[in-house]
Amino acid sequence: MRIAIELDPPGSAPGDDPFSMFSGWGDQLVWLAVLVPIAVLVFFVGSRRFRSQLGSASIVPKGRDRFVAGGGPRRDATWRETVDRLEAKPATPIAQARSGPVRVEAEIVRASGNLGGPPGRECVWRNRAGAGSQTAVGADLLIVADASGRCGVEQLETARVIAPTERAGAHYESTSLYIGDRVEVIARFEPEVVGEHEDPSMLVYGTLGAHGPVDIRVVERPAPPEPEAEAAEDAEEAPAEPEPADPEPSDEP
Numbered sequence: 120m121r122i123a124i125e126l127d128p129p130g131s132a133p134g135d136d137p138f139s140m141f142s143g144w145g146d147q148l149v150w151l152a153v154l155v156p157i158a159v160l161v162f163f164v165g166s167r168r169f170r171s172q173l174g175s176a177s178i179v180p181k182g183r184d185r186f187v188a189g190g191g192p193r194r195d196a197t198w199r200e201t202v203d204r205l206e207a208k209p210a211t212p213i214a215q216a217r218s219g220p221v222r223v224e225a226e227i228v229r230a231s232g233n234l235g236g237p238p239g240r241e242c243v244w245r246n247r248a249g250a251g252s253q254t255a256v257g258a259d260l261l262i263v264a265d266a267s268g269r270c271g272v273e274q275l276e277t278a279r280v281i282a283p284t285e286r287a288g289a290h291y292e293s294t295s296l297y298i299g300d301r302v303e304v305i306a307r308f309e310p311e312v313v314g315e316h317e318d319p320s321m322l323v324y325g326t327l328g329a330h331g332p333v334d335i336r337v338v339e340r341p342a343p344p345e346p347e348a349e350a351a352e353d354a355e356e357a358p359a360e361p362e363p364a365d366p367e368p369s370d371e372p
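Heads up, the working numbering is the position in the sequence shown plus 119, with the first residue counted as 1.
It is worth saying that the hints were derived from the structure and are not from the lab. Glycine residues also receive a C-beta, built at the ideal position from the N, C-alpha and C atoms. Where hints are given, some of them may not hold.
Said to hold, decoys possible - Here are the simulated distance ranges between beta carbons:
1) ILE157 - GLN253: 36 to 44 Å
2) VAL164 - ASP203: 37 to 45 Å
3) ARG204 - ALA266: 18 to 26 Å
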C-alpha cells in the first residue's frame, strides 16, 4: 500500500478524471474532432494522386490534338489545311522542290550533333512521350536525303514529331529520331544550292523549316543491329595480332 502511494504523482487523489485537462476547451474540442479526420483524408487523397502521377498510366497521352507536338504549340487552321493538302499528294523530290510549303520523304543521313548511339544509328532528337517541345533535346540541324538530293531541316526544338515510343524506364517513355530513319517532313522550303558535286544527288538544294512550323513523322525505322553482327564487325575492324616469331636455333649442345 505504501508503495502504491509513493508511485502516485503528488497532488493526485483516487478517482481523478484523466480527461479533466480538456474541460476548458469547449467548442474547440469539437472542431478538433472534425478537422483531424479531414486532414487525414486530404493526406490520403494527395498521396494516391502523387503515386498515380508516377505510374505508367501518366505517360500515356490523353486527348492530344493530332496537330499538337506532344502538347506543344498548336497549329493554326491555315497550316492544318496545308498539311492535309500536301499529304493528299505524292512527296516532292528534294531536287525539284520550290520555295514554299512542301512534303518530302527522305532518310536522315547527318546531323550537327547527336545524343549517342551505335555508329550509323545515333540519336539526333529525343523527348518524353506526350511532352511539349520545351523538353526536347537534339541537334540544331539535320541533313535528309532522297534519291534526287539533300536538304537541311532546322527548328527541331519546335518541331512536331511523330515517332514510335520507346520504354526508357519503369515510369518513362520517350520518342526519338535516329540516323537512318526514313521520315516525312512537311515545312516551308527555301531553295539554295550549296557546294559542287559531280553527282547531283549529293548536292544540298536548300533548307526546310527555317521559317514556320515543322512536322516530322517517322515513316520507316531500320531494325537495330544484332549484337552478334556488331561483335563480328568489331572483330573485323580490330587489327590482327602479330604471330610470334620462330625462336632462333641455338649453337649450344
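**Q.** Indices of hints not satisfied (ascending)
**A.** none
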